[in-house]
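My request is simple: use the sequences and hints to build the entire structure.
The lines below spell out each chain.
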Amino acid sequence: MIKLYHVGKTYGERDALRDVNVHVERGEFVYITGASGAGKSTFLRMLYGAEAPSTGKLLISGQNVTRLARDRMPFLRRNVGVIHQDFKLLLDRRVGDNVALTLEVIGAPRDQIRRRVPAVLNLVGLKGREDARVAELSGGEQQRVAIARAIVNDPAVLLADEPTGNLDGAMAVEVMEILHAINLRGTTVLVATHDVGLMERFPKRRLRLEGGRVLEARPRTPGPGRFEAGNSA
Amino acid sequence: MIKLYHVGKTYGERDALRDVNVHVERGEFVYITGASGAGKSTFLRMLYGAEAPSTGKLLISGQNVTRLARDRMPFLRRNVGVIHQDFKLLLDRRVGDNVALTLEVIGAPRDQIRRRVPAVLNLVGLKGREDARVAELSGGEQQRVAIARAIVNDPAVLLADEPTGNLDGAMAVEVMEILHAINLRGTTVLVATHDVGLMERFPKRRLRLEGGRVLEARPRTPGPGRFEAGNSA
Amino acid sequence: MMHDLIRRTLRGLGEHPYVSVVSTAVITTSLMLVGAWALVTLQIEVILGAWQQDAHVSLWLKQDSTPEARAALVDRVKARPEVTEVTYVTEVEASTWLRAHMPELGPALDDLGETALPASVEVVLGADYATTETASSFAAELQADPSVTSVDHAADWVARAQAFLGLFRTIGIVFGVVVAAAALFLVANTVHLGVYARRDEVEIMRLVGATDSYIIAPFAAEGALQGAAGSVTAMLLLGGISHLLTRQAGEVFAAVMGQAELPFLPGVWLAGLTLLGISVGAVAHAISVYRFLGRVP
Amino acid sequence: MMHDLIRRTLRGLGEHPYVSVVSTAVITTSLMLVGAWALVTLQIEVILGAWQQDAHVSLWLKQDSTPEARAALVDRVKARPEVTEVTYVTEVEASTWLRAHMPELGPALDDLGETALPASVEVVLGADYATTETASSFAAELQADPSVTSVDHAADWVARAQAFLGLFRTIGIVFGVVVAAAALFLVANTVHLGVYARRDEVEIMRLVGATDSYIIAPFAAEGALQGAAGSVTAMLLLGGISHLLTRQAGEVFAAVMGQAELPFLPGVWLAGLTLLGISVGAVAHAISVYRFLGRVP
Ligand SMILES: Nc1ncnc2c1ncn2[C@@H]1O[C@H](COP(=O)(O)OP(=O)(O)OP(=O)(O)O)[C@@H](O)[C@H]1O
Ligand SMILES: Nc1ncnc2c1ncn2[C@@H]1O[C@H](COP(=O)(O)OP(=O)(O)OP(=O)(O)O)[C@@H](O)[C@H]1O
Ligand SMILES: [Mg+2]
Ligand SMILES: [Mg+2]
Numbered sequence: 005m006i007k008l009y010h011v012g013k014t015y016g017e018r019d020a021l022r023d024v025n026v027h028v029e030r031g032e033f034v035y036i037t038g039a040s041g042a043g044k045s046t047f048l049r050m051l052y053g054a055e056a057p058s059t060g061k062l063l064i065s066g067q068n069v070t071r072l073a074r075d076r077m078p079f080l081r082r083n084v085g086v087i088h089q090d091f092k093l094l095l096d097r098r099v100g101d102n103v104a105l106t107l108e109v110i111g112a113p114r115d116q117i118r119r120r121v122p123a124v125l126n127l128v129g130l131k132g133r134e135d136a137r138v139a140e141l142s143g144g145e146q147q148r149v150a151i152a153r154a155i156v157n158d159p160a161v162l163l164a165d166e167p168t169g170n171l172d173g174a175m176a177v178e179v180m181e182i183l184h185a186i187n188l189r190g191t192t193v194l195v196a197t198h199d200v201g202l203m204e205r206f207p208k209r210r211l212r213l214e215g216g217r218v219l220e221a222r223p224r225t226p227g228p229g230r231f232e233a234g235n236s237a
Numbered sequence: 005m006i007k008l009y010h011v012g013k014t015y016g017e018r019d020a021l022r023d024v025n026v027h028v029e030r031g032e033f034v035y036i037t038g039a040s041g042a043g044k045s046t047f048l049r050m051l052y053g054a055e056a057p058s059t060g061k062l063l064i065s066g067q068n069v070t071r072l073a074r075d076r077m078p079f080l081r082r083n084v085g086v087i088h089q090d091f092k093l094l095l096d097r098r099v100g101d102n103v104a105l106t107l108e109v110i111g112a113p114r115d116q117i118r119r120r121v122p123a124v125l126n127l128v129g130l131k132g133r134e135d136a137r138v139a140e141l142s143g144g145e146q147q148r149v150a151i152a153r154a155i156v157n158d159p160a161v162l163l164a165d166e167p168t169g170n171l172d173g174a175m176a177v178e179v180m181e182i183l184h185a186i187n188l189r190g191t192t193v194l195v196a197t198h199d200v201g202l203m204e205r206f207p208k209r210r211l212r213l214e215g216g217r218v219l220e221a222r223p224r225t226p227g228p229g230r231f232e233a234g235n236s237a
Numbered sequence: 016m017m018h019d020l021i022r023r024t025l026r027g028l029g030e031h032p033y034v035s036v037v038s039t040a041v042i043t044t045s046l047m048l049v050g051a052w053a054l055v056t057l058q059i060e061v062i063l064g065a066w067q068q069d070a071h072v073s074l075w076l077k078q079d080s081t082p083e084a085r086a087a088l089v090d091r092v093k094a095r096p097e098v099t100e101v102t103y104v105t106e107v108e109a110s111t112w113l114r115a116h117m118p119e120l121g122p123a124l125d126d127l128g129e130t131a132l133p134a135s136v137e138v139v140l141g142a143d144y145a146t147t148e149t150a151s152s153f154a155a156e157l158q159a160d161p162s163v164t165s166v167d168h169a170a171d172w173v174a175r176a177q178a179f180l181g182l183f184r185t186i187g188i189v190f191g192v193v194v195a196a197a198a199l200f201l202v203a204n205t206v207h208l209g210v211y212a213r214r215d216e217v218e219i220m221r222l223v224g225a226t227d228s229y230i231i232a233p234f235a236a237e238g239a240l241q242g243a244a245g246s247v248t249a250m251l252l253l254g255g256i257s258h259l260l261t262r263q264a265g266e267v268f269a270a271v272m273g274q275a276e277l278p279f280l281p282g283v284w285l286a287g288l289t290l291l292g293i294s295v296g297a298v299a300h301a302i303s304v305y306r307f308l309g310r311v312p
Numbered sequence: 016m017m018h019d020l021i022r023r024t025l026r027g028l029g030e031h032p033y034v035s036v037v038s039t040a041v042i043t044t045s046l047m048l049v050g051a052w053a054l055v056t057l058q059i060e061v062i063l064g065a066w067q068q069d070a071h072v073s074l075w076l077k078q079d080s081t082p083e084a085r086a087a088l089v090d091r092v093k094a095r096p097e098v099t100e101v102t103y104v105t106e107v108e109a110s111t112w113l114r115a116h117m118p119e120l121g122p123a124l125d126d127l128g129e130t131a132l133p134a135s136v137e138v139v140l141g142a143d144y145a146t147t148e149t150a151s152s153f154a155a156e157l158q159a160d161p162s163v164t165s166v167d168h169a170a171d172w173v174a175r176a177q178a179f180l181g182l183f184r185t186i187g188i189v190f191g192v193v194v195a196a197a198a199l200f201l202v203a204n205t206v207h208l209g210v211y212a213r214r215d216e217v218e219i220m221r222l223v224g225a226t227d228s229y230i231i232a233p234f235a236a237e238g239a240l241q242g243a244a245g246s247v248t249a250m251l252l253l254g255g256i257s258h259l260l261t262r263q264a265g266e267v268f269a270a271v272m273g274q275a276e277l278p279f280l281p282g283v284w285l286a287g288l289t290l291l292g293i294s295v296g297a298v299a300h301a302i303s304v305y306r307f308l309g310r311v312p
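Protein chains in written order, with the working numbering: chain D, 5 to 237; chain F, 5 to 237; chain A, 16 to 312; chain G, 16 to 312.
A hint or two may mislead.
[Claimed, not checked] Between beta-carbon pairs, the in silico distance windows are:
#1 Val-247/G / Gly-309/A: 31 to 37 Å
#2 Val-311/A / His-27/F: 48 to 54 Å
#3 Leu-63/F / Asp-135/D: 35 to 41 Å
#4 Leu-63/F / Ala-112/D: 50 to 56 Å
#5 Ile-110/D / Arg-214/G: 31 to 37 Å
#6 Gly-190/F / Arg-22/G: 29 to 35 Å
#7 Lys-93/G / Leu-199/A: 55 to 61 Å
[Said to hold, decoys possible] Quick look at which bits of chain F chain D covers, simulated, 3 or more residues with Cβ under 8 Å:
#8 170-177
#9 198-205
[Claimed, not checked] Some chain A residues close to chain G (C-beta under 7 Å, calculated; not the full set):
#10 Val-37
#11 Thr-44
#12 Ala-51
#13 Val-55
#14 Phe-190
#15 Val-193
#16 Ala-197
#17 Leu-201
#18 Asn-204
#19 Leu-208
#20 Tyr-211
#21 Ala-212
Because the hints were derived from the structure by calculation, they are not lab data. Glycine residues also receive a C-beta, built at the ideal position from the N, C-alpha and C atoms.
Now the structure itself:
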């Protein structure tokens, strides 16, 4: 599903990522961890084409994202739901409009939008807030709008960048359960997170970024994963 | 230092806060907790005059914030450092400029600014990033710029809204240690947070918001605090 | 699809009323400048036309030429394509005219009798031929006629008037080019600043998988609506000003142009200005959004 | 303090080059429109002045009036405040003039001898008195003089010319008001959109404890700089256009205005336009920021 070959990313003098080789299978659930500034967001941004790798090759569903023509990019993104670390919501618009955006863009029929949007808002605990302006929401509420927008069209891949950073413990668990449920329906899920507690509660394969390189940990046994340096299969 | 009498805040039909009575002494360290949307940010926003209470009275250092003339507000804010949940950084400017802002506004001399800014950036682990544009930083790095800006002028009161939401565990502990040190120097610190682990590691008085009301817990003994309904002294 | 576009367009207008109002107002202002220029130019052209039609040539006849020769001359002149009007003025008529127009000459003319002035053929040249060159060559040719003493075609006056009007035309065209360029520039930049204020919208739309044309369409439609509203407002305002001006200065226009009604822009021009407003609004928005899209991955 | 303001102003300009360039360009464009209007108005006024000075009155004298009576008349006319120039034209001079200017009358005049035309006193009225009314009352008064047969003051021509020029002035003033209002409006709105694009800056400054005047100052200074740059650019461009126009159409100007050099705006006007640009830039920025501050707690 997702294949990175010798991918590196340099910003001026800084190496954000170095010789990253990662394969993620269809339907996998993977954590991306690492300290602040380790390159987690950069890694995810390359997967939805917001950033081009400086070196290496990057395939999603067999498509070379680096070589993708500009006018094909939207069609890639329709299959990739993204929860951005800074939400990227339209603050002046209503909650419902923000979530509907993903469906409108693919030309979904009006009545499907009217059905799906409240359902998914209900799922993230924002029932009845459809008509509130996003700017008026609390930090955690905005984060949940971002989550709702990313999952509303059942994407093939879901990229979540710190999806629980602004949520309290109980809400974070709820969100992880939602992501888990989506994963069980076949969606490939990548979650960048700091929250060790959550990773322990939902043990999955972990990619740890350190010094621009990837350290791999597979939870063969429940409990905290063991990290190994080097490439993954 | 900070006194709230029967403070309520209503947004349209929604009650964000109801009959809140809280006293915070000079030099105290207080956590504000509660679920997403409980009113933590609203509580803090009232303290720096970004939001007026709908009912009740609010005093800081004996000044009635609600009645403060518009042209006195800047002078209140110069004594109140704020780490905003959404950072409120100037994304197009350099890191150093953002941090310097707090000092420039009070007319601090140039050489003091040149001394203080790198020192405080060093403290939050952003040594050498002074000339980077904020937009180019990772989420956690931006959060640390926001922290640096709030503490650079040694404010009398520090209001931190989820200051560790985008930070990994080790960095979060570091930031808490910084806030703790500032508190030891006499600054009154209020931290809105979800992070139960951190609160247990640095046990302090907690105000828990629930249904718009305040539940109080004082860590008389180390370990998780016990919550009691009702007003605090 | 269409319904969706309309909904998105109206939402865009409603969400940024300030930006929409400013863009519309700038389009209005710009079109008013262009329209005002067109109106002034039109008035000057009308005056020009009136003056040009006045250009005429006098053929002064020899006192001893025969009536037959004179009649032949009149016929020959009439046959020329440049000529719209020919009047034969006898010696008596000329004296009467002079006496009526210059009464102070009266005593002097009395001594001369009825035929103080020579007879003449007064020729009015068609507006198309009323240039200095045509009049001069026409005059030179007829000067050769045996019945003609001299030809007077007021060359100086025509040259002076035409130079003057030419100057006005030149200034007018330069001013028009400046105004049109300024108007286009202003609209383009205002629209661009407006889109700049909404750049996060463009970025977010692209992030959720919208195609470029899907993003551009409602902006272009919004621009077209603003252009339509702007041009209609501009023409109403111009019409109002023009009407007030006519009411206030009716006699002056009457004196100068022989008509009290200041003619307003003809229908084709109005339609053209509306079309201009609509297309400039739409194209400026489309280009601006396209430029922002270029910076979004 | 001052040093800090300069630093902050330059930073603001450098950080939003696009917004700064657009604001400056709009100020330039607006001042060019105003300046071009002023320039055209000035030219027309120059032409007006030239035409008005031409206004003159002819007093035709009785053939039998005595040289003493004529001399007395000339003295009396000379003493009047309206009069700038008096020329006494004898019968002989008048005939010579007529012969020279209307050669086709030659044969007719030959029969009349040297004194075909009456003598006259040609009076030029000062520009201040060269109105139809003054000329008319002046004429009426002198008509009563015993040596005068008739008075000719070209009332029609003066009235027509003045009506025409009045029309131009009216159109010019209306156009000027429209242009000035449009210019002010455009600058205000462009600046406001520019500040709108930087509204987070205003909000954040206020959040960290900046006073309103501290926030406004660099914006106003930036506006003043943009205004200065805009007005200088506008005047250079206007000067360039004006120069090109003179080179291209020198003979035309020479023919119409008796001078080949199109006069440029005088220094006071240039200083005034610069000052206008600076203050509009500064004030527009200050007002816009102040309005945004009203929405920030
Ligand atoms: N556009 C950019 N220009 C320059 N440097 C950049 C840019 N984007 C990211 N960086 C740098 O690359 C490094 C990795 O950034 P990234 O956002 O991927 O970190 P992260 O792992 O997501 O961190 P966090 O947990 O704080 O969000 C950081 O040091 C950041 O400053
Ligand atoms: N300007 C506003 N208009 C309307 N409702 C608002 C406004 N600001 C906040 N609210 C509502 O008030 C409630 C409290 O918001 P607040 O931001 O204080 O929550 P919070 O405790 O900080 O939550 P979080 O942990 O998610 O940041 C929320 O339900 C929010 O939607
Ligand atoms: Mg990140
Ligand atoms: Mg909050």
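Is the interface hint for Leu-208/A satisfied, with its Cβ closer than 7 Å to some Cβ of chain G? holds (4 Å)
Does the Cβ distance between Leu-63/F and Ala-112/D fall inside 50 to 56 Å? At roughly 53 Å between Cβ atoms, Ala-112/D and Leu-63/F fall inside 50 to 56 Å, so the hint holds.
Is the hint on Val-55/A kept, meaning its closest Cβ partner in chain G is under 7 Å away? holds (6 Å)
Checking C-beta pairs, does the stretch 198-205 of chain F have three or more residues closer than 8 Å to chain D? holds (count 3)
Measuring from the C-beta of Asn-204/A to each C-beta in chain G, is the shortest one below 7 Å? holds (5 Å)
Would the hint on Ala-51/A stand, with a C-beta cut-off of 7 Å toward chain G? The hint holds - Ala-51/A has a Cβ within 7 Å of chain G, the shortest such distance being about 6 Å.
The hint says 31 to 37 Å between Ile-110/D and Arg-214/G; measuring C-beta to C-beta, is that right? Check passed, 33 Å falls within 31 to 37 Å.
If I claimed the Cβ atoms of Gly-190/F and Arg-22/G lie 29 to 35 Å apart, would that claim hold in this structure? At 33 Å between Cβs, range holds.
Hint Val-37/A vs chain G: min CB-CB distance below 7 Å? holds (5 Å)
Closer than 7 Å between Cβ atoms is the bar; does Val-193/A clear it against chain G? Give me holds or violated. holds (6 Å)
Using the C-beta atoms of Leu-63/F and Asp-135/D, is the stated range 35 to 41 Å upheld? holds (36 Å)
Please verify that hint: Thr-44/A, Cβ, nearest Cβ of chain G, below 7 Å or not. holds (4 Å)
Hint violations for this structure: none, all hints satisfied.
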